[in-house]
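Enquirer: These protein sequence lines are chains A and B, in that order. Just so we're aligned: 227 in our numbering is position 227 of the first sequence, and the numbers increase by one with no gaps anywhere. Just so we're aligned: 188 in our numbering is position 188 of the second sequence, and the numbers increase by one with no gaps anywhere.
Calculated directly from the structure, the hints in this document are not laboratory data. Do not rely on the hints blindly, as some may be mistaken.
[Claimed, not checked] Now the in silico label distances, taken between C-beta atoms and shown as ranges:
#: 1; chain 1: B; residue 1: 210; chain 2: A; residue 2: 223; range: 55 to 63 Å
#: 2; chain 1: A; residue 1: 221; chain 2: B; residue 2: 108; range: 43 to 51 Å
#: 3; chain 1: B; residue 1: 126; chain 2: A; residue 2: 67; range: 47 to 55 Å
[Claimed, not checked] Simulated coverage check for chain B against chain A, where a stretch passes if three residues somewhere in it have a Cβ under 8 Å from a Cβ of chain A:
#: 4; segment: 61-75
#: 5; segment: 101-113
Note that this is a predicted model, so its numbers are computed, not measured. Glycine included, C-beta positions come from ideal geometry on N, C-alpha and C.
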Amino acid sequence: MGEAIVITSGKGGVGKTTTSANIGAALALSGKKVCLVDTDIGLRNLDVVMGLENRIIFDLVDVVEGACRLEQALITDKRFETLSLLPAAQTRDKSAITPNQMKKLVTDLKTDFDYVIIDCPAGIEQGFKNAIAGANRAIVVTTPDTSAVRDADRIIGLLEKEKVGTPKLLINRIRPQMVKNGEMLEVDEIVNVLAIDLIGIVPDDESIIRSANRGEPVVMKHDSPASLAYRNVARRILGDSVPLMNLNQQTGIFSKVKKWFGMG
Amino acid sequence: MTTTRHKVTIKGTKDGLVFFMDDTCSFDELIQDLRNKVENSHQQILTGPLIRVTVNLGYRYLTDEQEQQIRGIIRKRGNLVIKEFVSEVISREQAYLEQLASQIRLEVGTVRSGQVLEHQGDLLLMGDVNPGGCIQSTGSIFVLGSLRGTARAGMDGNEDAIVAASQLLPTQLRIADVISRPTEEWLDQTTGMEFAYLKDGVMNIDKINRLHRIRPEWKK
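Taking the hints into account, I'd like the entire structure generated from these sequences.
Expert: Printed below as a string of structure tokens:
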């Protein structure tokens with residue numbers, strides 16, 4: 001029996017889909033059988049980020065309505081044998097499925113996969129309720145913005161009410177320089193307010209945008225800082241204890257020279 | 001011939017009249033005797049200048065309708081003004097509410113955005129109130145943690161209520177009907193536990209160790 005993890009945030013655009021794709025891919029890289037489930041019915045993106053859009057034949061709603069078998073709708077990733085995607089329907093809306101149907105679907109998936117990663121839509125309405133219905137635990141994604149933290153707090157409250165394990169926090173898109181200048185919320189500050197455990201911090205990284213547009217998860221690229229951050233998150237999900245990344249690492253000759261002179 | 005005991009006994013005190021109501025007879029008998037006394041006898045007492053009346057019910061519990069009925073009869077005498085009803089008994093519900101109001105309620109946890117923690121009486125929260133969260137009570141509010149959200153004390157209009165927090169950094173504070181937002185000067189001195197209180201209808205902030213001077217009556 002596998003484990004279902006919902007990736008949620010409340011606020012839109014903080015990186016739920018990117019996080020789902022990368023955590024899924026990173027878990028698959030470590031040899032686990034992983035299924036990604038896109039519950040953003042009507043506004044699906046996960047297939048695009050994974051570069052699997054052109055392979056969709058059936059979708060989540062088809063499975064729930066009995067138009068096809070579950071195995072028919074699952075798309076195997078072109079890079080990893082062990083990674084599958086269950087895409088959302090694009091022509092329907094969130095009310096096409098119910099939390100109970102979702103719970104049954106996730107239970108079915110958990111018998112075949114080690115991890116079921118559920119990509120949750122933004123908001124706290126039907127789509128959110130569907131997404132968390134079958135989840136064993138939750139990862140709350142936020143960015144270091146006051147509004148995103150506020151929404152994350154709301155979501156944590158709802159998750160606690162629905163008894164979806166103890167949510168873990170992932171802080172995305174940190175800009176070390178802005179934090180240093182006091183223009184962006186610090187990690188400690190956010191953790192202090194939200195009062196839940198941190199599962200990872202991910203720096204703002206241009207390679208994420210490049211990868212998403214090309215349809216391949218950034219964890220495939222080993223040289224980017226965001227890639228390392230997501231692989232660390234995956235290791236923590238697997239139970240390893242990995243220290244948090246140092247975001248203030250400076251690279252390049254100039255900064256090394258500065259360091260010699262004690263200016264770094 | 002039967003001798004009927006008086007169901008209603010009227011006595012004069014220096015604060016006005018006290019109507020002692022028999023609590024062993026039926027309500028109908030009581031009403032009958034009251035009507036009889038007010039309308040027919042005791043004319044010398046029941047006329048003249050305004051007199052304040054206390055209705056002592058003993059161990060009888062009155063419903064709202066019954067109370068109105070008694071008020072109606074006494075009010076027929078223009079010079080009688082009802083000061084209060086005194087009774088040795090209260091309903092279970094009222095007893096429960098009074099019990100709640102007299103004791104401090106202990107809560108544990110974080111009040112997150114969108115959540116409301118409500119109580120009748122004094123409330124002690126061990127945890128934080130986050131921005132967008134709300135904590136409210138009819139009495140005072142004490143937060144052992146950071147108060148970053150909204151707090152509303154003395155909701156029924158109790159102006160003596162206070163809001164205290166280990167870290168008082170609220171989005172908004174309300175005590176009784178006074179609403180206040182933290183100003184710059186509040187946020188300067190964030191060392192140690194502070195509390196908000198009303199003085200002459202204006203919200204003030206002070207350190208917790210000065211509470212005994214501001215509310216000396218709370219000191220037992």
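Enquirer: If a hint holds in the structure, say so; if it doesn't, say that too.
Expert: Evaluation of the provided hints:
Between residue 210 of chain B and residue 223 of chain A the beta carbons are some 59 Å apart, a value that agrees with the proposed interval 55 to 63 Å. Between residue 221 of chain A and residue 108 of chain B the beta carbons are some 45 Å apart, a value that agrees with the proposed interval 43 to 51 Å. Hint check: residue 126 of chain B to residue 67 of chain A, Cβ distance near 52 Å, so the stated range 47 to 55 Å holds. Counting residues of the segment 61-75 of chain B whose CB lies closer than 8 Å to any CB of chain A gives 0, so the stated coverage by that chain is violated, three being the minimum.
Check on the segment 101-113 of chain B: 3 of its residues sit with their Cβ under 8 Å from a Cβ of chain A, so the three-residue criterion for coverage holds.
This entry does not satisfy hint 4, going by the numbered hints stated previously; all others are met.
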